[in-house]
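A.B. asks: So the protein lines, in turn, are chains A and B.
Numbering-wise, my numbering puts 404 at position 134 of the first sequence, and it's gapless, one number per residue.
Numbering-wise, my numbering puts 167 at position 20 of the second sequence, and it's gapless, one number per residue.
To be clear, the hints were calculated from the coordinates, so they are not data collected in a lab.
Keep in mind that this is a model prediction, so the values were computed, not measured.
Accuracy of the hints is not assured; some may be wrong.
[Unchecked claim] Negatives, chain B to chain A, calculated, CB over 12 Å:
1. 157
2. 289
3. 306
[To be verified] BS3-like mimics (lysine-lysine), calculated; alpha carbons at most 27 Å apart, straight line:
4. B/201 - A/454
5. B/371 - A/291
6. B/201 - B/247
7. A/424 - A/411
The C-beta atom is built at its ideal place from N, Cα and C for all residues, glycine as well.
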Amino acid sequence: MNLLDYQAQWSAYLLQGSSAKLDSRFSTWLSSQPDARSHFYQHSVFSTLNDLFLALMPVTASYIKELPLFLETYQKTYPPRDAHLYNTLAGVVIFLEEHSIGESLPPWLVDIAKIEWSERLSYNAVGSQQSLLHPSVILCKTAYPVLEVWEDLKQAGWNNPPDIEPQAALVLLYARAEKSEIQKMSIGPLVGLWVELLQQGVAEAEALKVIQDLFLEQNLPVLTVEAQSSAILLKLRELGILS
Amino acid sequence: MSFLTCKKNLPYLGVGLGCRDALLPDILTHRESIDWLELVPENYMGRQGLHLEKLEWLLEADFPLVSHGVSLSIGSAPMAGELHGLDPVYLNELEAFLHKIEAPWFSDHLSFSRVNGQYLNELLALPHTQEAADIVVRNIHVLQQHIQQPFLLENISYYLRPYAQDMSEAQWITTIVEAADCGLMLDINNVYVNSKNLNQDPIAFLDQLPLERVVQVHIAGHFKQEDFIIDTHGAPVCEEVYALFEALMERCEPLAVLLERDNDFPPFQDLLAELEQIRCLMPHYQKRLNLRP
Numbered sequence: 271m272n273l274l275d276y277q278a279q280w281s282a283y284l285l286q287g288s289s290a291k292l293d294s295r296f297s298t299w300l301s302s303q304p305d306a307r308s309h310f311y312q313h314s315v316f317s318t319l320n321d322l323f324l325a326l327m328p329v330t331a332s333y334i335k336e337l338p339l340f341l342e343t344y345q346k347t348y349p350p351r352d353a354h355l356y357n358t359l360a361g362v363v364i365f366l367e368e369h370s371i372g373e374s375l376p377p378w379l380v381d382i383a384k385i386e387w388s389e390r391l392s393y394n395a396v397g398s399q400q401s402l403l404h405p406s407v408i409l410c411k412t413a414y415p416v417l418e419v420w421e422d423l424k425q426a427g428w429n430n431p432p433d434i435e436p437q438a439a440l441v442l443l444y445a446r447a448e449k450s451e452i453q454k455m456s457i458g459p460l461v462g463l464w465v466e467l468l469q470q471g472v473a474e475a476e477a478l479k480v481i482q483d484l485f486l487e488q489n490l491p492v493l494t495v496e497a498q499s500s501a502i503l504l505k506l507r508e509l510g511i512l513s
Numbered sequence: 148m149s150f151l152t153c154k155k156n157l158p159y160l161g162v163g164l165g166c167r168d169a170l171l172p173d174i175l176t177h178r179e180s181i182d183w184l185e186l187v188p189e190n191y192m193g194r195q196g197l198h199l200e201k202l203e204w205l206l207e208a209d210f211p212l213v214s215h216g217v218s219l220s221i222g223s224a225p226m227a228g229e230l231h232g233l234d235p236v237y238l239n240e241l242e243a244f245l246h247k248i249e250a251p252w253f254s255d256h257l258s259f260s261r262v263n264g265q266y267l268n269e270l271l272a273l274p275h276t277q278e279a280a281d282i283v284v285r286n287i288h289v290l291q292q293h294i295q296q297p298f299l300l301e302n303i304s305y306y307l308r309p310y311a312q313d314m315s316e317a318q319w320i321t322t323i324v325e326a327a328d329c330g331l332m333l334d335i336n337n338v339y340v341n342s343k344n345l346n347q348d349p350i351a352f353l354d355q356l357p358l359e360r361v362v363q364v365h366i367a368g369h370f371k372q373e374d375f376i377i378d379t380h381g382a383p384v385c386e387e388v389y390a391l392f393e394a395l396m397e398r399c400e401p402l403a404v405l406l407e408r409d410n411d412f413p414p415f416q417d418l419l420a421e422l423e424q425i426r427c428l429m430p431h432y433q434k435r436l437n438l439r440p
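Using the sequences provided together with the hints, build the complete structure.
C.D. replies: Here's what the structure looks like:
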């Protein structure tokens, strides 16, 4: 067995999960207690993923009853592709959306995962060079108003998931550098529209015109949009996220 | 210039601490008690935002900074059709990070953690074979073409004896660092852990290594299982490891010693006391520190 084959054996063993065993050829190379010691490595890889998930997406994790099984299945589907450990969780939102393992989970869990992953992205934000908005600003669209009941959701857990009626909502996330933490707040559709346009690099005057035209098209009261927009821009500046 | 010639020009750093997020506030308020810091580059490479802000705090505090990676995977065999086993994206990000922190040297583990482009998030032992040694040496040559700062290899702890050993681990490490002409980062806790888990003589192990290449030393605590010891960095350094460290100090004089503590953090004063205890075991510490420019 050459080195690449040896390494491929380890890779398969570590990413396969609890059902996998090292190839029988390995057993002749192992010292005493080979099962316990080889299992240590597998346990280590999965406990790393488990710890990372609990640290970065704690509310999402609290609604998954079979967390080890979930993570094993996740890792098989989205094996780590780069050197950055936290990127290992980059596929969790899509995984929750696409895979049948989500059947027993609350329908709003994807939204929780979206918000928690967006917090990571906001923390690590690069942002658009052309935008006047702070790079950490992220607009997160959810199908359920989960942020409204965030504190309750943090307490409830998988054995007591609350019923939440579906209703589209917008969450704004941004970094407060002096506190080294991410803030998140529910926002209305007009604020969301402003954030989207500013993130695309659209200048304020042009953005206002786009919004006014939109109001006209929808027969909404255009006269108030200018005043509301001024208040929105003032608020974004007060938050320190619009220059 | 050979590594040993280059080593003469490297700075004496003294006794430092591994920088972890949970320790950051205490580290910044105890600047005078910590000679230098070791950073895990993967915590900063390719990242922006608040991560870099924390790095700026350390740079402003004027800590000498050294990089100790966990994902270089210097022992990865090249995939079919490739000349080496390293990740070019990783190398570029690491190079930028080293430039930013002005590291006098950098290090990573003598292990593999990436196979066919897939990261495993575990430091896995290589077989002690000539084939593996040749692959590591080739990877180090590629690394040093890309990044010119002095590179140190760390001996790892492992729990299964790798198969097909052409030579002892100490002979294998010596073969690699001499052929690659790089430095050694000697983890004295790993020497102890392996000596217990694999029933080896730790002093004999040290005496077989090219200790003149040791630039930096790691010292840490571990966790005792029923039948083997795990290198957790989650406990105080034990007396046996201190004794082994003293034996090492009789044999070589590293430029930097680092206390690794990654979890189960005690009150920060306890860590500072451990740093002081390490200093007391380094016979030339005060003299060398006074000679620093």
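A.B. asks: Each hint: holds or not?
C.D. replies: Hint-by-hint comparison with the structure:
Against the 12 Å criterion, residue 157 of chain B stays outside the reach of chain A, whose nearest CB is about 26 Å from its own CB. No beta-carbon of chain A is positioned within 12 Å of the beta-carbon of residue 289 of chain B; the least distance is around 16 Å. A cut-off of 12 Å between C-beta atoms contradicts the statement that residue 306 of chain B is not in contact with chain A; the least separation is 5 Å. Distance hint between residue 201 of chain B and residue 454 of chain A is fulfilled; the C-alpha atoms sit about 21 Å from each other, no more than 27 Å.
Only pairs whose Cα atoms come within 27 Å are accepted, and residue 371 of chain B paired with residue 291 of chain A is accepted, the gap being roughly 25 Å. Restraint check: the Cα-Cα separation between residue 201 of chain B and residue 247 of chain B comes to about 13 Å, which is no more than 27 Å; the hinted pair holds. Between the alpha carbons of residue 424 of chain A and residue 411 of chain A the distance comes to roughly 20 Å, so the proposed pair stays at or under 27 Å and holds.
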